[in-house]
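**Q** Let the sequences and hints guide you as you build the complete structure.
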Amino acid sequence: MDTGDRVLCHACGRVWLRNLYDTLDCPYCSSDFTEIIEIPPDTDPEPEASPVSSPSPSSSQPHPDPPESFPGQRSPSPFPASPFANHDPWGHMNDGDDHGWIDPGYHYTHRTFQSPGGNIRFTYQLRRGPGATRGMGHETTDPASTAFQGFDSFIHNMGELNRERAARAQGPGSPSRPQPPRHAFDNMYGPGNAPRSPHGRHHGPGGLFPRDANGPQPMDSPLQNLGEMLDIFHTNITNLQAGQPGGSGRPGGPNIRVMNGGADNPIGALLAALLNISRNGDAVYSQEELDRVISELVEQAGNRTAAPPASQDAIHALPKKIADAGLLGGEGTECSICMDAVKVGDEVTVLPCTHWFHPQCIEMWLNQHNSCPHCRRGVEPTTAPGANAPTPTSSEGNYDQAERPDTNANNNTPSTATDEGQRSRPRTTSRGESTTSTSSSGGWTGWVRSRLGGSGS
Amino acid sequence: MGSQKRIAKELAELTESPPDGIIVELANESNLYEWKVFMDGPEDSPYHKGRFELKLTLPTEYPFKPPTVSFVTKIYHPNVTNDDKGSMCLGMLKADEWKPSSRLSAVLEFARSLLGEPMPDDAVEGRIAEQYREDRKRYEEIAREWTRKYAGGAASS
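As they're listed, the protein sequences go chains A and Z. For what it's worth, our numbering labels the leading residue of the first sequence as 1, then goes sequentially. For what it's worth, our numbering labels the leading residue of the second sequence as 1001, then goes sequentially.
Quick caveat, the hints were computed from the structure, so don't treat them as lab data. Bear in mind the structure is a predicted one, so any value in this text is a computation, not a measurement. Note that beta-carbon positions come from the ideal geometry of N, C-alpha and C, so glycine has one too. Be a bit skeptical, because a hint or two may be false.
As the list claims (entries may be wrong) - Under 7 Å between C-beta atoms, here's a sample of chain Z residues computed to sit facing chain A:
id, residue
1, F1064
2, K1099
3, S1101
4, R1136
Stated by the list, open to error - Once the Cα atoms are required to be at most 25 Å apart in a straight line, the calculated SDA-like pairs of lysine to any residue come out as:
id, chain 1, residue 1, chain 2, residue 2
5, Z, K1065, A, S295
6, Z, K1099, A, H374
7, Z, K1094, A, V298
8, A, K321, Z, S1101
9, Z, K1005, A, A341
10, Z, K1099, A, L290
11, Z, K1085, A, L297
12, Z, K1094, A, P309
13, Z, K1094, A, A323
14, Z, K1137, A, N367
15, Z, K1094, A, K321
16, Z, K1099, A, N367
17, A, K343, Z, K1094
18, A, K343, Z, F1064
19, Z, K1005, Z, L1056
20, Z, K1065, A, M364
21, Z, K1055, A, A341
As the list claims (entries may be wrong) - If you anchor each label on the Cβ, the simulated ranges turn out as follows:
id, chain 1, residue 1, chain 2, residue 2, range
22, A, S30, Z, S1087, 49 to 59 Å
23, Z, G1091, A, C353, 17 to 27 Å
24, Z, K1036, A, D324, 40 to 50 Å
25, Z, D1122, A, I322, 39 to 49 Å
26, Z, E1145, A, E363, 45 to 55 Å
27, Z, K1009, A, V344, 18 to 28 Å
28, Z, H1048, A, D324, 12 to 22 Å
29, A, N367, Z, E1145, 22 to 32 Å
**A** As structure tokens, then:
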């Protein structure tokens, strides 16, 4: 008696019968992150009648929310490195009892890929059947499999690199985390237990082995590797930064570092790629982002090359005069800013270079640039030493402004770097979607920005 | 406020006594900040006999910020971007070189003189600049052809 599909809510982990509700949204938490599952994970047919029946915790946690440790208690395993080597993901499909639940026309396959370190895993569900009407959204076909295959090797490579790195870091004497032999999973498939997938893609060279999506998840702290790698990544960058104190060589100069993912930092590059995927191009690994950074810098540079504003003290210290015939005679009779005529008796401000303007006109200009609109001679003592009306404070104020961008760039790096390591650990859900994509700009972006010295100034 | 007064004044001057080969009008009578400029290609240049439409945009901070000049009519020139923006890179219009005492008439005259004497060292189209330096004849050929093709129509308004 097939009571229909079940729906699993990835947000709260509950399972209910699909045909009891009109929508696929979770009736318990209203999340729309739900998935139709064909084979009830650990539950028996009978209790399924009640929609409230919540599956056992082990199966209801498709995304590995981090329990502290759970070192392979599920089944005694001949492979100490892989506590789940004994686990038979498809065993229950061959089980006599379960047959009643499987529409013979359909094949449902759950796959979980696990990195060699055991801490990154990735699950998907494959459905093949005669009809396409049921289980909408689950028509996983070859393209998807291909994508997953690509991801397999990616994860695998990352794991390999990390392992090498860890081994190096720990030194030869200390025991690094034991890894399952490359093809250990071959042994896992007993004669009758070969995976049903005709593609067999997971047989690929990776040290990955399939897992049942609804089966028990390894409970050791998930993504520990990724977190460690992030830390390494940060450390690398920080070291690179520290090794190049030239960033502060030019006052106000932005400290630009475009990580090119060179061979000297493969983990950084890989992580960059990973983060780039999950974060919509945060940082400068894509052409787009590079363009954005460059245009930002060009903007800043444009502002910097123009003369900086004059200090208020300097502006107020400029002498005002009543225009007389002698003053007006030399250079026409209009203020060259507003182009209004200036008559004898009008008040004008005279700059050190003897050019004169309406007081309000020149003030507006000096609020933006500290030079004469005509001849560009500075109006402040630092740039025009012979000028009258200098005040020592004015030069200091100006100095401060020129220095500020650099100060910004050099601050706030150490603390944010550590914050980052924790905040930006992505978790993969059973669908392989990374949940970090939502944790946005404050973290990585801010970190990178602070590196670049932009920081919105 | 002040800027509008100055702009109106400059516009009046430019319409009353326009510089050689330059005609100025407002793109929209109600907006002082968008000008339409028609520029005749200088003699002795491959742009001769062409009439180019330009857009001159004034920032609200004018004259404290520089105007921008762009070609509406396509033109083959090292200092004008060969895209639909047609941006013209004038040194005097850069933020750090702009002086509020520069007049728009001077800006436009300078732009016109740039048609006659491109500045390949300050180019925005490097390929054209290179050609201008290395193969002047070919550059002039193309520039003339473009002028005929895009700016060759009878003087429109």
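**Q** If a hint holds in the structure, say so; if it does not, say that too.
**A** Evaluation of the provided hints:
1. F1064: Since the shortest Cβ distance to chain A is 6 Å, the answer is holds.
2. K1099: With a minimum Cβ separation of about 5 Å from chain A (threshold 7 Å), the hint on K1099 of chain Z holds.
3. S1101: S1101 of chain Z check passes; min Cβ-Cβ to chain A is 4 Å, inside 7 Å.
4. R1136: Since the shortest Cβ distance to chain A is 31 Å, the answer is violated.
5. Z:K1065 to A:S295: 19 Å, holds
6. Z:K1099 to A:H374: OK: K1099 of chain Z and H374 of chain A at ~7 Å, within 25 Å.
7. Z:K1094 to A:V298: Distance ~13 Å between K1094 of chain Z and V298 of chain A Cα, so the pair holds.
8. A:K321 to Z:S1101: 20 Å, holds
9. Z:K1005 to A:A341: 12 Å, holds
10. Z:K1099 to A:L290: Cα-Cα ~32 Å, so violated.
11. Z:K1085 to A:L297: Given pair K1085 of chain Z, L297 of chain A holds - Cα atoms ~22 Å apart, limit 25 Å.
12. Z:K1094 to A:P309: Status holds; Cα separation ~17 Å.
13. Z:K1094 to A:A323: 32 Å, violated
14. Z:K1137 to A:N367: It is violated: about 49 Å lies between the C-alpha atoms, which goes past 25 Å.
15. Z:K1094 to A:K321: 32 Å, violated
16. Z:K1099 to A:N367: At roughly 14 Å apart (the allowed maximum being 25 Å), N367 of chain A and K1099 of chain Z satisfy the hint.
17. A:K343 to Z:K1094: 32 Å, violated
18. A:K343 to Z:F1064: 23 Å, holds
19. Z:K1005 to Z:L1056: Measuring from Cα to Cα gives roughly 17 Å; hence the hint holds.
20. Z:K1065 to A:M364: 11 Å, holds
21. Z:K1055 to A:A341: 29 Å, violated
22. A:S30 to Z:S1087: 49 to 59 Å: 51 Å, holds
23. Z:G1091 to A:C353: 17 to 27 Å: 22 Å, holds
24. Z:K1036 to A:D324: 40 to 50 Å: 42 Å, holds
25. Z:D1122 to A:I322: 39 to 49 Å: The hinted range 39 to 49 Å holds for D1122 of chain Z and I322 of chain A, with Cβ atoms some 43 Å apart.
26. Z:E1145 to A:E363: 45 to 55 Å: 52 Å, holds
27. Z:K1009 to A:V344: 18 to 28 Å: Once the Cβ atoms are compared, 21 Å apart, the range 18 to 28 Å for V344 of chain A and K1009 of chain Z holds.
28. Z:H1048 to A:D324: 12 to 22 Å: 50 Å, violated
29. A:N367 to Z:E1145: 22 to 32 Å: About 49 Å separates the Cβ atoms of N367 of chain A and E1145 of chain Z, which means 22 to 32 Å is violated.
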